[in-house]
Amino acid sequence: MKKSKEEHFKVLIDRIKRLEALNTLSKHECIVQGVLDAIDANELEVHASLPSVNNLIQYLGYARETFAKAYRDLIAHGVVESKNRKGYFVVSNNTQMKQKVAVLLYAYDTFQDTLVNELRTNLPEEVTVDLFFHHNNMETFEDIFNRIQGRYTVYIVAPIENKDSELLLRSIPASKLLIIDRLVDLGEDYSYVSQEFEEATYAVFQELYPKIKKYKEVIFYFRENTAEPNEIKNAFLRFLKEYKVKGRIEKQYHVGDLKKGKLYFTIHNPELYQMLKEVLQKGWTLGEDLGILSHNDDVIKEIISGGITTFSTSFARIGSQAAKFVLERTLIKEVVPTTLADRNSV
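Using our numbering, the letters of the sequence shown correspond one by one to residues 90 to 435.
If you're looking for bench data, these hints aren't it; they were derived computationally from the structure. C-beta: ideal position from N, C-alpha, C; glycine also. Hints are supplied without guarantee of correctness; some may be wrong.
Derived SDA-like pairs (lysine to any residue); straight-line CA-CA distance at most 20 Å [what the hints assert, rightly or not]:
{"id": "1", "residue 1": "Lys340", "residue 2": "Leu369"}
{"id": "2", "residue 1": "Lys158", "residue 2": "Asp198"}
{"id": "3", "residue 1": "Lys335", "residue 2": "Tyr298"}
{"id": "4", "residue 1": "Lys252", "residue 2": "Leu212"}
{"id": "5", "residue 1": "Lys158", "residue 2": "Arg240"}
{"id": "6", "residue 1": "Lys172", "residue 2": "Arg161"}
{"id": "7", "residue 1": "Lys265", "residue 2": "Lys172"}
DEER-style ranges, computed between Cβ atoms [said to hold, decoys possible]:
{"id": "8", "residue 1": "Phe221", "residue 2": "Ala110", "range": "16 to 22 Å"}
{"id": "9", "residue 1": "Gly372", "residue 2": "Asp274", "range": "33 to 39 Å"}
{"id": "10", "residue 1": "Val135", "residue 2": "Ile392", "range": "55 to 61 Å"}
{"id": "11", "residue 1": "Glu360", "residue 2": "Asp431", "range": "16 to 22 Å"}
{"id": "12", "residue 1": "Arg209", "residue 2": "Ala157", "range": "50 to 56 Å"}
{"id": "13", "residue 1": "Pro213", "residue 2": "Glu377", "range": "16 to 22 Å"}
{"id": "14", "residue 1": "Asp274", "residue 2": "Ser171", "range": "37 to 43 Å"}
{"id": "15", "residue 1": "His136", "residue 2": "Asp278", "range": "55 to 61 Å"}
{"id": "16", "residue 1": "Gly150", "residue 2": "Thr428", "range": "26 to 32 Å"}
{"id": "17", "residue 1": "Val344", "residue 2": "Asp274", "range": "54 to 60 Å"}
{"id": "18", "residue 1": "Pro359", "residue 2": "Lys303", "range": "34 to 40 Å"}
{"id": "19", "residue 1": "Ala405", "residue 2": "Gln188", "range": "44 to 50 Å"}
{"id": "20", "residue 1": "Glu215", "residue 2": "Lys335", "range": "53 to 59 Å"}
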């Protein structure tokens with residue numbers, strides 16, 4: 090027997106209030122999920138009428154636009170239809186909404202490719218994954234954020250570490266947002282899969298010290314006020330001081346800078362490849378005539394010039410955990426370890 094309009098109303102209000110009590114969903118999400126749950130439980134059948142926006146306001150007290158947006162989303166997903174002057178009705182019991190995932194990263198690089206490939210590999214084919222890059226530019230970050238907000242089911246974001254970006258990120262419900270790479274802790278309800286820089290970098294230098302001490306000087310190419318983590322710079326300076334190693338920071342590498350007997354450390358891949366080209370042109374041997382250390386491992390660094398010594402987090406792990414978040418929406422708080430790949434270049 091079909092339920093009456095009043096029974097449909099009571100069922101939906103009960104569903105929404107139950108979700109509201111969980112304190113993990115936004116009001117908009119409570120409405121959408123409440124309708125979907127009621128359909129899945131056969132409490133709302135096809136052709137069932139839904140409460141008007143005015144009735145929902147009266148019983149739940151949410152803003153008018155919150156209800157209107159929820160109904161628009163349900164219409165867009167094909168489960169609800171608006172009939173002129175008659176109201177809203179259930180038109181489908183297919184509640185499997187297509188997942189759309191927005192991934193907002195610093196910039197494209199080979200190690201980011203590893204992350205994205207692992208994410209896509211672990212998701213069903215029907216899940217759409219769109220990539221965006223903010224290049225550590227707050228204006229770009231905000232522009233992209235405003236364009237994509239409300240258009241995706243999940244947001245995976247490598248954040249810029251400042252208060253403005255935190256405010257934007259907090260506008261996304263915790264159930265829809267995963268912070269990756271850099272850790273910006275938004276509170277106990279928000280998930281992250283990040284890396285730690287300072288202590289991990291210092292530990293790498295400690296492990297490499299038996300090799301580092303054979304060099305006359307260590308030169309680290311580092312640019313202030315860029316996407317490069319300051320924590321790596323702090324770890325480098327701390328290591329020089331505590332181990333009494335001669336070293337310095339330079340803004341960038343120029344062709345012809347390399348000298349025998351020195352160890353060079355760079356974060357940038359284009360800079361690394363220029364350095365390797367100079368080593369090749371001069372006929373020098375890495376690990377003997379001079380040393381090169383790189384950050385963020387990839388398959389190219391495993392094989393080029395006999396193997397480049399790197400230290401890196403597992404971007405494959407970040408990607409697979411991001412896929413898990415998309416599929417399960419369970420709370421994740423994980424700092425992925427940094428590991429040293431000690432090859433022939435130091």
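Output the indices of the hints that this structure fails to meet, ascending.
1, 2, 4, 7, 8, 9, 12, 13, 15, 16, 17, 18, 19
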